[in-house]
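Sequences are here, hints too, so could you generate the full structure?
One line per chain: the protein sequences are A and B, in this order. According to my numbering, the first sequence is numbered sequentially starting from 1. According to my numbering, the second sequence is numbered sequentially starting from 1.
Please keep in mind that the hints were generated in silico from the structure rather than gathered at the bench. Heads up, a few of these hints could be off.
Because identical chains cannot be distinguished in the list, a pair is counted as satisfied if it fits within a single copy or across any two copies.
[As the list claims (entries may be wrong)] Below, simulated BS3-like cross-link-like pairs (lysine-lysine); rule was C-alpha separation at most 30 Å, straight line:
1) K26 to K129
2) K96 to K149
3) K96 to K129
4) K49 to K26
5) K148 to K49
6) K92 to K129
7) K129 to K144
8) K49 to K149
9) K149 to K92
10) K49 to K92
11) K26 to K144
12) K26 to K92
2 protein chains.
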Amino acid sequence: MKRTVASTTFGILAVAFASAAFADLKPEEQIEYRQAGYSFMSWNMGKIKANLEGDFSSDQVSKAANAIAAIANSGMGALYGPGTDQNIGEVKTRVKPELFQNGEDVGQLAREFMDAADNLAEIAAEGEKSEVQAAFADLGSACKACHKKYRADN
Amino acid sequence: MKRTVASTTFGILAVAFASAAFADLKPEEQIEYRQAGYSFMSWNMGKIKANLEGDFSSDQVSKAANAIAAIANSGMGALYGPGTDQNIGEVKTRVKPELFQNGEDVGQLAREFMDAADNLAEIAAEGEKSEVQAAFADLGSACKACHKKYRADN
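Below, the structure written as structure tokens:
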């Protein structure tokens with residue numbers, strides 16, 4: 001699935017939107033929810049990796065890829081609202097302040113990430129291990145491209 | 001989407017599977033990953049609720065419902081392996097021990113939950129607010145049915 005620049009930018013930097021519909025979400029709650037999303041995607045990435053390295057269950061891989069793609073497309077940009085660029089009490093974030101200063105670049109990275117996640121989900125539904133291997137590597141690269149620039153301790 | 005009893009039971013109580021493919025996942029990691037899944041579903045439930053109570057964006061609701069359904073279908077049963085029935089250091093769990101002793105009942109509740117999540121995703125794709133309202137209420141009931149029996153502090 002391809003998406004427009006407009007809709008992705010909306011998803012990534014939907015600060016105004018976040019302020020309106022989620023006025024009740026505190027910055028620390030936004031940080032915790034976005035970390036939950038990344039954590040759950042990480043579990044599913046791990047499952048796909050284990051399948052590629054061992055017994056391959058196309059059903060498990062497809063379900064894992066679907067979860068990653070649906071989370072990636074859920075509008076997590078709304079969880080990067082004002083005040084979420086720093087630790088808040090016990091709630092720590094590894095995001096670099098630069099993420100909030102480079103909307104265009106972050107939007108581009110996010111589009112590539114969502115495209116790679118959608119592609120993996122489509123490929124996984126077909127069940128061919130070698131194809132999954134390539135699509136999985138592409139998705140991993142898309143993850144790392146953002147981590148390298150905008151996540152601390154990498 | 002309907003699923004068989006066998007595949008759901010596999011998903012819910014896949015202890016043997018978990019031991020094989022995820023031998024590297026410690027019990028505390030399993031607890032953290034499952035909590036991440038529930039937390040992210042909770043964020044998406046909140047978004048749908050906000051849409052039903054205010055301006056209704058069928059696109060946002062559909063994406064939120066897709067995330068919930070994909071997480072629900074991702075095989076979270078593998079995150080209820082041995083040793084995950086109690087707090088582990090700083091990692092706390094609200095699961096009651098009874099969950100691990102009532103596989104058949106838990107499997108039934110999980111099937112109802114996944115069916116309700118799939119139904120909401122299908123309904124949300126059609127974009128009719130009144131239909132979403134009903135499907136959302138059904139999903140909420142399915143969540144609560146399990147919380148009431150198997151989650152502490154409710």
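Checklist entry - Is it within a copy, between copies, both, or neither that the alpha carbon of K149 lies no farther than 30 Å from that of K92? => result Only inside one copy: K149 and K92 sit 18 Å apart there, 33 Å across copies, limit 30 Å.
Item to check | Homomeric proximity label, K148 with K49: Cα distance no greater than 30 Å | outcome: within (21 Å within a copy, 35 Å between copies)
Item to check | Intra- versus inter-copy proximity for K92 and K26 (alpha-carbon distance at most 30 Å) | outcome: Classified as both; 14 Å inside a copy, 23 Å across copies.
Item to check | Alpha-carbon proximity between K129 and K144, which holds within one copy, between copies, both or neither at 30 Å | outcome: For K129 and K144, only the intra-copy Cα distance (22 Å) is at most 30 Å; the inter-copy one is 38 Å.
Checklist entry - What label fits K96 with K129 when the C-alpha limit is 30 Å: within, between, both, or neither? => result Neither: 36 Å inside a copy, 39 Å across copies.
Next on the checklist: Cα distance capped at 30 Å. Does K96 pair with K149 within a copy, between copies, both, or neither?
Outcome noted: Classified as within; 8 Å inside a copy, 42 Å across copies.
Checklist entry - How would you classify K26 and K144 at a CA-CA limit of 30 Å: within, between, both, or neither? => result Result: close both inside a copy and across copies, 28 Å intra and 25 Å inter.
Next on the checklist: Treating 30 Å as the Cα threshold, decide for K49 and K92: within, between, both or neither.
Outcome noted: both (28 Å within a copy, 28 Å between copies)
Next on the checklist: When Cα atoms must be at most 30 Å apart, do K49 and K26 count as within-copy, between-copy, both, or neither?
Outcome noted: Answer is between: at 17 Å across copies they meet the 30 Å cutoff, but 35 Å inside does not.
Next on the checklist: Checking an output row: K26 and K129, CA cutoff 30 Å. Within, between, both or neither?
Outcome noted: Classified as between; 27 Å across copies, 42 Å inside a copy.
Next on the checklist: Reference check for the pair K49 and K149, CA-CA at most 30 Å: within, between, both, or neither?
Outcome noted: Close inside one copy (24 Å), not across copies (35 Å); limit 30 Å.
Next on the checklist: With identical chains, the pair K92 and K129 could be close in the same copy or across copies; at 30 Å between alpha carbons, which is it: within, between, both, or neither?
Outcome noted: Neither: 37 Å inside a chain and 37 Å across chains, both beyond 30 Å.
Of the hints listed earlier, those the structure fails to meet are numbers 3, 6, in rising order.
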